[in-house]
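Listed below, chain by chain, are the residues.
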Amino acid sequence: MPETRTPTNGSNAGGARVGVYVCHCGTNIAGTVDVRAVSEYAAELPGVVVSRDYKYMCSDPGQALIQQDVREHSLNRIVVASCSPLLHEPTFRRTIDRAGLNPFLLQMVNIREHVSWVHLDKQAATAKANDLVRAAVRRVSLHKPLQKRRVPINTNVLVVGGGIAGIHAALTLAEAGKRVYLVEREPTIGGHMAMFDKTFPTLDCAACILTPKMTAVGSHPGITLWTYSEVVKVAGYVGNYRVKVKRKPRYIHEDLCLGCQECVTACVYKEGKTPDEFNLGLSKRKPVYLPFPQAVPQKVVIDPETCIEFKSKKCKKTCVEACGDRQAIDFTQKETLEDIEVGTIILATGFKTFDPVRNPYYGYGRYPNVYTSLEVERLINAAGPTAGELVLRDGKRPKAVGIIHCVGSRDANTNRWCSKVCCMYSLKLAHLVKERTGAEVYNFYIDMRTPGKGYEEFYDRLLDEGVHFVRGRVAEVTDWAAHPSEKGRLVIRAEDTLAAFVRRIPVDMVVLSVGMEPQPDAQAVRRMFNISCSSEGWFLERHPKLAPVSTFTEGVFISGACQGPKDIPDTVAQAGAAAAEAMALIDAQFVELEPYTAFISEDACSGCRSCIPLCPYQAISFAEEKKKATINEVLCKGCGTCVAGCPSGSIQQNFFEDEEIFEEIEGVLAYA
Amino acid sequence: MELKRTVKFEADRDPEFARWISHTVGGERIRHCLQCGLCSASCPLSLYMDYTPRRLMHLSREGFKEEVLSSSSIWLCTACYACMVECPKKINITHLMYALKERAIEERFYPKRFPIPVMAQQFCRMVRGSGRITESWLIVRVFLRTAIWRLLSMSGLGWKLFLAGRMPAKKEKIQRQDEIVALLDSVAETRKELAL
Amino acid sequence: MRNRQLSRAPLLQAAFEPRIVAFFCNWCTYLAADLAGTSRMKYAPNVRVIRLMCSGRVDPQFVLDAFAQGADGVLIGGCHPGDCHYQEGNYKTLRRYHLLKCVLRQMGIEEERFRLEWISAAEGDRVRSVINDMVEKVRALGPLQLDAETEDIREEVAVC
Amino acid sequence: MKYAYYPGCSLRGTGRAYEESLLAVFRSLAIEVQELDDWNCCGATTYLSVDELTSYALAARNLALAERERMDIIAPCAACYLVLNKTQRYIRDYPDIKTVVSRALGAIGLEYHDRVRVRHPLDVFLNDIGLEAIAAKVVRPLKGLKVAPYYGCQIVRPYATFDDQRNPTSMDQLLAACGATVAPYPLKTRCCGGSQKGTLPEIGLHLIRYLIAEAQMNGADVIATVCPLCQFNLECFQKEAGSIRHPLSIPVLYFTQLMALALGASAATIGLQRSLVPVEPVLEAKEIAYA
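Residue numbers (the working numbering), protein chains in the order written: chain A, 23 to 694; chain B, 39 to 234; chain C, 183 to 342; chain D, 2 to 292.
Since the hints were derived computationally from the structure, they do not count as laboratory data.
Cβ atoms here follow ideal geometry from the backbone N, Cα and C, with glycine treated the same way.
Each hint should be verified, as a subset may be incorrect.
[Claimed, not checked] To be clear about the criterion: a stretch of chain B counts as covered by chain A if any three or more of its residues have a C-beta under 8 angstroms from a C-beta of chain A, and this derived list gives those stretches:
1. 68-74
2. 90-102
3. 125-139
[What the hints assert, rightly or not] Taking lysine to aspartate or glutamate pairs in the EDC-like style, the calculated list, with each CA pair at most 20 angstroms apart, reads:
4. B:K208 <-> D:D39
5. B:K198 <-> D:E281
6. B:K128 <-> A:E498
7. B:K211 <-> D:E241
8. B:K128 <-> D:D94
9. D:K99 <-> B:E66
10. B:K128 <-> A:D143
11. B:K127 <-> A:D518
12. B:K209 <-> D:D39
13. B:K128 <-> D:E241
14. D:K99 <-> B:E231
15. B:K127 <-> A:D143
16. B:K127 <-> D:D94
17. A:K255 <-> C:E199
18. B:K209 <-> D:E281
19. B:K211 <-> D:D38
20. B:K198 <-> D:D94
21. C:K224 <-> B:E145
22. B:K230 <-> D:D97
23. C:K224 <-> A:D56
24. D:K99 <-> B:E227
25. C:K224 <-> A:D143
26. B:K127 <-> C:E270
Modelling step: build the complete structure from the supplied sequences, incorporating the hints.
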C-alpha cells in the first residue's frame, strides 16, 4: 500500500509544490536501495508536498497515483525516481500531461541503471539515491512549461540495402502507398538469400520464394530502385532528411537495356575470365554480364577493370554491334549524384560471412576441398556453377563430408558471439549433401542450437537420416595421414567430447559453417546515419526488447542482420516492423521534436558573434540591423554548445538552462 | 564381467578445491569453459591421458579433487601452450596444469617412483645448491631415484654425448650462490606472511 | 617495511569517500552508463551523474561551480571524436577542457580531479573502469582543499 | 647497441654447439654482447610445476641483473626465452607476484622496474640487423641445401612476440637469406615432447617419430632448430624412434650453425663435430665447403 507522508517542513520555495515518487521496480530497485528511506528523506525537502514509494510507478495504478495527487494536492512539479529517463520519461510526461500539468514540469531520477543495478552496498546506494532525488527536487522547481515543436514529415522513405530485409521493407511501404527509394550497392538486389539453395526448416527453395518479391520491387510504381548505388551523404533531421546518392556507372543505359544478354553472348571473350562474384569465384564471368539469371533489375553491367575497351580502347565492340538499335551500351557513362528528400530511413545493410583464412588450422585456401558453407550453397544450387552437382574441384563426388560448426563464432580469438543461424543451416546442408551424394556426413558442433518453430523437429529428422554428430570443436583439418585409411584425404581432428577421446575422421570435403560479421564498412555507415554500433560492430537498437528496430536517431530504423545475426524469418519480421515504425511516423503527418532548443535574450547579447561558428547546423545568424545574434528554432537541434560558449551568458537552452543545471550540481553536492 | 557402481555424491565434491582453481593465477576464466574439447584435440599428449584436458577443466571447476590430482594428465603436459593459444574462451589451461602439478606434489598425489615429480624436486634442489643446472648430473640423480635400469640403457647415448663434449662432468655453479639462497628464502617468507 | 607503513594513508583519510560530479552526454556516455546498469556491472558509488544533451553543453562554470560546492572531482563523458550526435560538439568540449585544465592547474587543483573521457553507447565496461579508476585516484589525493586565493580566482573566472 | 647474453644452462651442456655457433654469428654480424653477470637458472618449465612463485623470483634475478646494466637480454634457449617473458608479464598482471618478486630481489640488493626487453636471436637478427645486411655478409651460400625449419613451441606460444603464432617465418627468412632452400614443414610448431622423452619415453618417441618422418617426407636434408631441448630430442632419439622398416636419419642442427656456416665460420668452431648424426656427408653432397 502506498503511503503519504506529510512534510514537517512546509517551506515552499518559489511556490513549487513537488510530488516525489520512488519506484521499487519490484526488487530491481528496492533490493539495493532503501526506497522507503529515500521517500521519507524526500518528504523533508523544501517544496515537497507529497512523497511516496510504490511497487511499480510505471504501472497503471502507479500513474493513477500521481494523477490523483496532482489533483488532490495541487502539485505543480513532479519527480519520479525510477529507471533511466530514456526508458520512461515519455511515459511519465504523458501521465502528468493527462493530469493537466505541462509535461516538462517533470524530472526523472535514474536510481535503477545508475544506482541499484551497479552498486552492492545498500547504504551507499541509498545515499546516492538521496543525493540524486535532492538535486531533482531543487532542479524541478525551476522548470518552465514547454511545448514540443511540430514539423511536417516528408512521406518518402529511403531503404538502404536490397537483401531480403530491404526488399520486404520497401514492398510493405510501397504497398501502403509511400514512395520508396531502394538503394543497393551491388548491380542486383537479392543479397545473400539469392545465393542460397534451400531454406531451413521447410526446405523450400530460396529462389522460389525470393524472386517473386524481387520482381515485385523492380516493377512497383512506388519504388525507385537504384542498384549499383551508394548513399554518400545524409543531412537534416527526422521527417526532413536530405540524402545524396552516388550512382556508379554500369556503362549501360538502364532504361534502354532489355536484359536480352545478346551483348554477353557477342562479347569478344568467348569464355568468362573473371571470377564470378555471385558464385564466389567458383565459376567465371565475362566483362559484360548479368549477375545471375533472376537478377533485378534485368540489366547487364560492364566491368571496366576487365573490359578490353576500357583497357586499350581497341576492342571490336561486338557487344555494341549485338545491341544494335537499342543503343543501350555507353562506354562514356559517368558516375552521377542524385539528391533526394525523405522523412524516414530504413537501414538493411546486412552482414558479411567470416573469412576462414583467419583460422589457418582449418586449411581454407590451402586445401582445395575445404569450402565455406556459402560456397556449398552455390555448389548445390541448380543454377550454380555445377548445375547442382555436388562435386569436388576434381569433379569427383565426395564419399564423406565433414561440416564444422562455429567457424568464426563463439571464439575469443575471432568473434565471441554465436551467429545463431549456423546450426540450422549446417543441418540443412547435411541433409542436402546426404540427399544429393549419399555421402557419410559428420557434423562437428559445440552445442546444437535449434530454437525456433519447426527447428528441433528438423534436427530430429537429420538424426533419423543417419547423419553423424560429433560434439567437439575441431582442432585442425590436415592432409597428413597417420593411418593408411587417411591417405589422400582430409583428416578432421577433434575430441568427441561425449565419448571423451580424440577422433581423427577422414573425409573428402570439408564445409566450414562460417559465422556472421558486421559489414566491413559498418562504422562508416553508422557515422553517416548518425547511429551507434555495439562493441562488436552491429547497429545498436534503441532498446533491446522494446524498441528493437528504432535507433537513437529519430526516423532512422534498422532491420535484418545489420543489427545482429538472424535468420530469414526474423529478418523479414524485423523488416516489417521497421516499415510499420516508419509508417507510424509518416501517418502522424508531423513529428514532434523535443523543445530543447537554444534561445537568445536579446538584451544581454553583446553581438560578439562567437556563437555563430559554434553551431554545426548554421542555425545562428547575425541580425545586422539589431547587431544581435538570432537563432532559427527550426534548424536548432538542441545540443547546447553555443549556450556553453556564450561569453555574456545571453543564450539559454530550454530544459537545460544554466540555473537549472547549477541547481542540480549544488543539489547533488549539498549535504542533508 | 566385473560390475562397478559409479555415483558421485555431492559430498564427494570439494568446493574449496573448486574455489581455489578459479582464484588461482590463470584460473580466472575457467568457469567460462564451453567444454568444446579444442584443448584436447590440439594437445599432442591427450591421446595418452586418462582424463582429456577438457574433462580435467570441468572436474576441477566442479571440485572433484581426487580425480583431478590423481590423474596422469597433469604430468603429461609438456607446456607446449597449444591448448591455451587456441582456447575459444582464452582459458590459461597450460598455467592451470602447472598449478595442478604444484598442488599434486604438495599433497603427494602421485605414484611411487613416478619420475616427473622426482625430476622436479631434484631440479629445484640443484638450483638451490648451484644456481644452475648441469643436465648430466640431473639425469643421473633422477634415474637413481626412479629407474636405475634406464640409466644403464641410456649409458650408450651418454657416452656418445660425453665424447662429443656435450655431457661435461664438471658441475656448473654461479659465483654468488648465497644470493640464490637468500632469494628462495625471501619468497618462502613472503608467501607465509601474505598467505599466498 | 617502514616505508610501506608511511605510504599508507592515515586512518582519517582512509574513511574519505570522494564525491565526483559527472556530466554525461545523452547519446553516448549516459547510454553507456545505462548499459553498465542493464549488464549489472558493479562500480564505485561515488559519482553523481548529470545528464546533458551533449558534452558541448558543459559550461566551464559548471565545472568550477562543482568544485566550489565541494566536489572532489569532475568527470565529463562524451561521444568519441567523429561520433558526436551533433556532429562536432565534443570537439568544442575538448577545446574547453584543455583551457579549463590550465585554469585548474593555476588554482592548484590536481590534474586527476578533472577528466574528459570518450565513452560510446556500447562501452558500458568503460564507464565502470573509468569511474573506478577515477574514484581510486581521487581517493588517493584526499579531499579537495580550496584556499582563499583560489576562491578569488574562481570568482574572477566566473565573471569573465 | 650492446646486448646482455643469457646462455642458460643447456647451452653449457648438451647445447654447446648452439652457443659456439651463436657467438660466431654475433661476431660475423658485429653484434656486441656481454654475458650476463653471474646469471642463474631461469627455472625452466620444471620449476614452474613445483613452485610457481619461486620460479618467477629466480627468473626475475636475471631480468634485474640485465636492467642494472641497461641492456636488453638475448635468450637463445626457447625455455629461457619463454620463462623470462612470462615472468615479465605475470609481474605486470598480478600484484601478488610483483610483491613477492620485489621483496625477494630486495633481499639481495636488486630492483626490477620492467625496463628490460627479452629478445630471441631470431628477433635480433631479423629486426635489428635485417635480412639484407645478413645476405650481404654471406660468403658461402647454402645452395641446394633443403632445410626443414622447426620452431617448436615456446618461441611462438603462448606469446607471439615477434612472429606469427600459427605460421612463424622468421627462421625461414633467415635461412633463405643464407641461400638455403626452405622445405615446407607444416609441423613446424608442433611439440617435440620436451622433457617427456626422459620421463615417459614411449610418448616422447612417438612425437619425435612424427616430426622426423614429416621432414624426411618433405625432402629436407637437415632440420634446423631454435631450442636445445628440441635439438637434443630430435637428434639423439631419432634412431630409437625409427624402425627397421622406416629408419629415420637426418642431421638436426641449430639454425645458428647453418647461419655461421654461410657467414664463413669453419666447422670446428661452430660445433658441427658435436652432432651425433653427422652432417658432413650432406654438405659434401651439396658441395658446400665447411672446413
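Now the hints, each set against the structure:
{"no.": "1", "hint": "68-74", "result": "holds (count 3)"}
{"no.": "2", "hint": "90-102", "result": "holds (count 3)"}
{"no.": "3", "hint": "125-139", "result": "holds (count 4)"}
{"no.": "4", "hint": "B:K208 <-> D:D39", "result": "holds (17 angstroms)"}
{"no.": "5", "hint": "B:K198 <-> D:E281", "result": "holds (18 angstroms)"}
{"no.": "6", "hint": "B:K128 <-> A:E498", "result": "holds (18 angstroms)"}
{"no.": "7", "hint": "B:K211 <-> D:E241", "result": "violated (33 angstroms)"}
{"no.": "8", "hint": "B:K128 <-> D:D94", "result": "holds (16 angstroms)"}
{"no.": "9", "hint": "D:K99 <-> B:E66", "result": "holds (18 angstroms)"}
{"no.": "10", "hint": "B:K128 <-> A:D143", "result": "violated (32 angstroms)"}
{"no.": "11", "hint": "B:K127 <-> A:D518", "result": "holds (19 angstroms)"}
{"no.": "12", "hint": "B:K209 <-> D:D39", "result": "holds (15 angstroms)"}
{"no.": "13", "hint": "B:K128 <-> D:E241", "result": "violated (37 angstroms)"}
{"no.": "14", "hint": "D:K99 <-> B:E231", "result": "holds (15 angstroms)"}
{"no.": "15", "hint": "B:K127 <-> A:D143", "result": "violated (31 angstroms)"}
{"no.": "16", "hint": "B:K127 <-> D:D94", "result": "holds (19 angstroms)"}
{"no.": "17", "hint": "A:K255 <-> C:E199", "result": "violated (49 angstroms)"}
{"no.": "18", "hint": "B:K209 <-> D:E281", "result": "violated (31 angstroms)"}
{"no.": "19", "hint": "B:K211 <-> D:D38", "result": "holds (13 angstroms)"}
{"no.": "20", "hint": "B:K198 <-> D:D94", "result": "violated (45 angstroms)"}
{"no.": "21", "hint": "C:K224 <-> B:E145", "result": "violated (37 angstroms)"}
{"no.": "22", "hint": "B:K230 <-> D:D97", "result": "holds (13 angstroms)"}
{"no.": "23", "hint": "C:K224 <-> A:D56", "result": "holds (18 angstroms)"}
{"no.": "24", "hint": "D:K99 <-> B:E227", "result": "holds (15 angstroms)"}
{"no.": "25", "hint": "C:K224 <-> A:D143", "result": "holds (10 angstroms)"}
{"no.": "26", "hint": "B:K127 <-> C:E270", "result": "violated (39 angstroms)"}
Violation of the numbered hints given earlier is confined to hints 7, 10, 13, 15, 17, 18, 20, 21 and 26; the remaining hints are satisfied by the structure.
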